[in-house]
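Put chains B and C on the given structure of chain A with help from the hints.
As a plain string of letters, each chain reads:
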Amino acid sequence: MSTPMNKLLTAAAVAAWIGVAAPAGAAEAPEIPEHDWSFSGMFGTFDRGALQRGFQVYREVCSNCHSLDLIAFRNLAALGLSPDEIQAIAEGYEVEDGPDDEGEMFMRPARASDYFVPPFPNEKAARASNNGALPPDLSLMVKARKGGADYVYGLLTGYEEEPPADVELMEGMYYNKVFPGHQIAMAPPLYEGSVEYADGTEATLDQEAEDVVTFLAWTAQPELEQRKRMGVKVLLFLIVLTAMLFALKRKIWSDVH
Amino acid sequence: MANTVSTSPEHSGEGETRRDFLLIATSTVGVIGVALAAWPFIDSMNPAKDTLALATTGVDISAVEDGQRITVVWRGKPVFIDHRTAAQIESAESVPMDDLPDPEPDSERVEKPDWLVVVGVCTHLGCIPLGQKVGDPRGDYGGWFCPCHGSHYDTSGRIRKGPAPANLAVPPYEFVDDSTISIG
Amino acid sequence: MEAKTWKNPVIAWIDYRLPIFSMMQADLVDYPTPKNLNYWWNFGSLNGIVLVIMIGTGIMLAMQYTANVDFAFESVERIMRDVNYGWLLRYMHMNGGSMFFIVVYIHTFRGLYYGSYRAPRELLWIIGVFILLAMMATAFMGYVLPWGQMSFWGATVITNLFSAIPLIGESIVTWLWGGFSVANPTLNRFFALHYLLPFVIVGLVFVHLWALHVHKSNNPLGIDVKGPQDTIPFSPYYTIKDAFGLGAFMIVYLAFVFFAPDFFGEPDNYIKANPMQTPPHIVPEWYFLPYYAILRAITFDIWFVPAKLIGVILMFSSILILLFLPWLDRSPVRSARFRPIYKQLFWVFLADCILLGVVGGHPPEGAWIPIGQAATAYYFAHFLIIIPLLGIFEKTRTPPTSISAAVTPGGVGTKIKEAAE
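Residue numbers (our numbering), protein chains in the order written: chain A, 1 to 257; chain B, 1001 to 1184; chain C, 2001 to 2421.
Just to be clear, a hint being listed does not mean it is correct.
Unchecked claim - Here are some of the chain B residues that sit facing chain A, going by a computed Cβ distance under 10 Å:
#1 A1025
#2 G1030
#3 I1032
#4 G1033
#5 L1036
#6 A1037
#7 M1045
#8 N1046
#9 D1050
#10 L1054
#11 K1112
As the list claims (entries may be wrong) - To give an idea of the chain C side of the interface with chain A (calculated C-beta under 7 Å), a few residues:
#12 L2193
#13 Y2195
#14 A2243
#15 F2244
#16 M2250
#17 P2267
To be verified - In silico BS3-like links for lysine-lysine, alpha-carbon gap of 30 Å or less:
#18 B:K1133 with B:K1161
#19 C:K2004 with C:K2308
#20 B:K1112 with A:K233
#21 B:K1112 with B:K1133
#22 B:K1049 with A:K228
#23 A:K143 with A:K177
#24 A:K143 with A:K124
#25 C:K2343 with C:K2308
#26 B:K1077 with B:K1161
#27 B:K1077 with B:K1049
#28 A:K228 with A:K146
#29 A:K143 with B:K1161
#30 C:K2226 with C:K2395
#31 C:K2395 with A:K251
#32 C:K2004 with C:K2216
#33 A:K228 with A:K251
#34 C:K2216 with C:K2226
#35 A:K251 with C:K2343
#36 B:K1133 with B:K1077
#37 C:K2226 with A:K228
#38 C:K2216 with A:K251
Derived from the structure by calculation, the hints contain no laboratory data. Keep in mind the model is a prediction, meaning the values are calculated, not measured. We put the beta carbon where it would ideally sit given N, CA and C, even for glycine.
So here's chain A without its partners, still in its complex pose:
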């Protein structure tokens, strides 16, 4: 029962608490396999190629059911697209505007300052087209799920043709290794060759999943690169300043010690 040992045990308990309580909740969640991401770690960045390919996957596959409400066309500049390319993309969509001088609402081509147009006008329409299920907005998905990018990647690559013997699949559901409860209403959205990449990269399932998850990691955290760059500078500055403060403290206290 010596004090230093108690302190050590307490420190361990604190560490355990932080490890457990901070992401508190999902006791029975399936294990999520880890994946390497270009944007992980202190020096992580978004691979531009992956972002653009992922955007292509979103547009051609996911956007048929999933909205991206928090992203405006002008945000796509971060993917390396030029203002002309962005305008061309925006003009492919129509948004409602008005009223005009007759008091009527009208449709016009979208501009860079407009936001992505959702596939359904409202929740009921979305549910009606999806057997009662509501495809969630994807803008924040990577931050809104425990496991983040690893989880979304695991989900997209985690479908099984046949569920294990002891699982009874409900009607209209699909078996997924990573989704909590293992039964998911969304049919596998990605297959090998679901898209034909504009840059010629081979479109395997893993590639498509990695690219679209990188894209979604960007939609959830567009500030990531600036944040990490600034963080490195700030921490270096603080380490230097704190070291100087420590030296000054020792100097000032030298006549007391």
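Just chains B and C, lined up with the frame of chain A:
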């Protein structure tokens, strides 16, 4: 652990100098840190990215006839677009600079002479001058008239008479093509 | 106030009319502070600085936030994406809240260990408990403002607790909500109060420091200051020590802000609030988990009192009991340094609090229920049984006669100090 400061002369002199340098250096780094830290707080009050994105407005002018004036909104303010007649252009170009409280040739206020684009806010105290609608008073110089304190603007939007100190402001704009102007 | 004559005529002119400079000289520079304070004494000033950071970032955020259920979530995302450095302000405010509780808990536990709540500092301690309560109210309401799933459902669960009050409970809840569920009136008033309470906290901190300056700081030995040989001026000694501590703190704090900004948070709060769909696990922020565990520990009625009401009473009591600590603890010495049994039980108590936090983070099922109940029982036993009994029966060691005797090498106090460690 002595309570008293060491009193030997060389030691205290050298120690004091080192302490002073460290104090000055540390304080300087600290002050720089505070200034760097203050910037995000201040900059967060500057226009945000979505506000800046709406800072440009495109206007379709294909339906605006000769002699017709329209008003559009740009950055929350009215902008007067005047499809000037030949007579109005002529009178705007022929005014001598000495007659103008705020001298400025018409050619410097337009991209194309038959289109005048000015911010419809009186440079006196900010009222919106009359002259856009059919039947509005246009003042003594055929342009616009501000009812608040009686400023008269001419067909180039320049102040001619009244308390306003400056000509109606010309916003940054360009002709995207013959039927579209992009303001801002 | 009369001792120093100011050389600068402007300062002298002001000071003669409003002695602010003399006050700063007396309370921040000359102020006699025990010379033996360790780094656990840094956390008081650190609390003050975190409060300033929270108010500063909070005001900047309030310039951009909209407190209406249709716009709140989106206004926060606008701050994150469109406002210059908005993501930085938001993450600083979010993580600053967690840091504030880490610092205040350490500060409180320092007080528990060294007997800082003992006479004549009882009122100082009591004011501190009120600061903690005000912080908790502020944090609770602040968490509702982003209007995520946890914001909404956490608010629903906790405000519903008040319905446990007999007779008037339901009316109180309706009054709190401003309606029949957590909705726009609730959000709006929480925003108003969340902006107000920090300034109440500032007032409480002022009174807290005023009380502190009467009898001055406690110290690790828990013995009174006997004279100027025991103290050193606050400036430069503790100003520089606090500045260094602040630097170390900023490194930890900003490491979270820049590299793990969502570490303390819940992913569910990045989903917009949906009153029609409850998340699988409703969890409060980590700093509320121990109280959440105590609340849920009572699963049985006692006589005619419903379990829910007992849980609510115990939850509030877990903090209110701190108010009585100066009278529950009757030990002849203040500091745990000279209390061999209390010293061990302090760590047990800390482990119990952490265990309560772990319990609070798990759904109330299986083994977690009896564990939570045992941990809750121990928590109250620590204050109501262990501390009073220790006061009577513990064989305490003898503290040194004075601080200066204890810290002078070879002095009488040294051997006692070594033995105590």
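Hints versus structure:
1. Interface restraint check for A1025 of chain B: the shortest CB-CB distance to chain A comes to about 7 Å, inside 10 Å, so the restraint holds.
2. A least Cβ separation of about 6 Å between G1030 of chain B and chain A falls short of the 10 Å threshold, and the interface hint therefore holds.
3. Satisfaction of the interface hint for I1032 of chain B is found here, the shortest Cβ-Cβ separation to chain A being roughly 8 Å, below the 10 Å cut-off.
4. Contact between G1033 of chain B and chain A, as hinted, is supported at the beta carbon level, the nearest pair being about 6 Å apart and thus within 10 Å.
5. The interface hint given for L1036 of chain B is met, as the beta carbon of that residue sits about 8 Å from the closest beta carbon of chain A, less than 10 Å.
6. Using the Cβ-Cβ criterion of 10 Å, the hint placing A1037 of chain B at the interface with chain A is satisfied: the shortest such distance is roughly 9 Å.
7. Interface hint at M1045 of chain B: violated, since its Cβ lies 18 Å from the closest Cβ of chain A, which is beyond the 10 Å cut-off.
8. Among the interface hints, the one on N1046 of chain B is violated; its C-beta lies about 16 Å from the nearest C-beta in chain A, farther than the 10 Å criterion.
9. Nearest Cβ of chain A to the Cβ of D1050 of chain B: about 7 Å, under the 10 Å cut. The hint holds.
10. The restraint placing L1054 of chain B at the interface with chain A holds, with a minimum CB-CB distance near 6 Å, inside the 10 Å limit.
11. For K1112 of chain B, the interface hint is violated, the least distance from its beta-carbon to any beta-carbon of chain A being 24 Å, above 10 Å.
12. The interface hint given for L2193 of chain C is violated, since its Cβ lies 26 Å from the closest Cβ of chain A, which is over the 7 Å cut-off.
13. With 7 Å as the threshold, the beta carbon of Y2195 of chain C stays out of range of chain A, its nearest partner Cβ sitting at about 26 Å, so the hint is violated.
14. Hint on A2243 of chain C holds. Least Cβ distance to chain A is approximately 5 Å, under the 7 Å limit.
15. Taking 7 Å as the C-beta cut-off, the interface hint given for F2244 of chain C holds, the closest approach to chain A being about 4 Å.
16. With its C-beta approaching chain A no nearer than about 5 Å, M2250 of chain C sits inside the 7 Å limit, and its interface hint holds.
17. With 7 Å as the threshold, the beta carbon of P2267 of chain C comes within range of chain A, its nearest partner Cβ sitting at about 5 Å, so the hint holds.
18. Simply put, K1133 of chain B and K1161 of chain B have alpha-carbon atoms about 21 Å apart, close enough for the 30 Å limit, and the pair holds.
19. Taken as a hint, the K2004 of chain C and K2308 of chain C pair is broken in the structure, with Cα atoms around 61 Å apart against an allowance of 30 Å.
20. Between K1112 of chain B and K233 of chain A the alpha-carbon distance is near 50 Å, which puts this suggested pair outside the 30 Å criterion.
21. Under the criterion of a C-alpha separation no larger than 30 Å, the hint pairing K1112 of chain B with K1133 of chain B is consistent with the structure, at around 23 Å.
22. About 20 Å separates the Cα atoms of K1049 of chain B and K228 of chain A, which keeps this hinted pair within 30 Å; it holds.
23. Restraint check for K143 of chain A and K177 of chain A: the C-alpha separation of about 20 Å stays at or below 30 Å, so the hint holds.
24. Taken as a hint, the K143 of chain A and K124 of chain A pair is honoured in the structure, with Cα atoms around 25 Å apart against an allowance of 30 Å.
25. Annotation: proposed proximity of K2343 of chain C to K2308 of chain C is violated, straight-line Cα distance about 35 Å (limit 30 Å).
26. The suggested pairing of K1077 of chain B with K1161 of chain B holds, with an alpha-carbon distance near 23 Å, which does not exceed 30 Å.
27. A distance of roughly 19 Å separates the Cα atoms of K1077 of chain B and K1049 of chain B; the hinted pair therefore holds under the 30 Å criterion.
28. Restraint check: the Cα-Cα separation between K228 of chain A and K146 of chain A comes to about 21 Å, which is no more than 30 Å; the hinted pair holds.
29. For the suggested pair K143 of chain A and K1161 of chain B, the alpha carbons sit about 62 Å apart, so the restraint of at most 30 Å is broken.
30. For the given pair, K2226 of chain C sits about 25 Å from K2395 of chain C by alpha-carbon distance, which is consistent with the 30 Å threshold.
31. With a C-alpha separation of about 40 Å, the suggested pair K2395 of chain C and K251 of chain A falls outside the 30 Å cut-off, and the hint is violated.
32. For the given pair, K2004 of chain C sits about 21 Å from K2216 of chain C by alpha-carbon distance, which is consistent with the 30 Å threshold.
33. In summary, the hint linking K228 of chain A to K251 of chain A is not supported, as the alpha carbons are separated by about 34 Å, beyond the 30 Å threshold.
34. Distance hint between K2216 of chain C and K2226 of chain C is fulfilled; the C-alpha atoms sit about 12 Å from each other, no more than 30 Å.
35. At most 30 Å may separate the alpha-carbon atoms for a hinted pair to count; K251 of chain A and K2343 of chain C exceed this at roughly 33 Å.
36. Distance check on the hinted pair: K1133 of chain B and K1077 of chain B sit about 17 Å apart at the alpha-carbon level, within 30 Å; holds.
37. For the hint linking K2226 of chain C to K228 of chain A, the alpha-carbon distance of about 52 Å lies beyond 30 Å, and the restraint is violated.
38. Distance check on the hinted pair: K2216 of chain C and K251 of chain A sit about 25 Å apart at the alpha-carbon level, within 30 Å; holds.
Hints 7, 8, 11, 12, 13, 19, 20, 25, 29, 31, 33, 35 and 37 from the earlier list are contradicted by this structure; the remaining hints agree with it.
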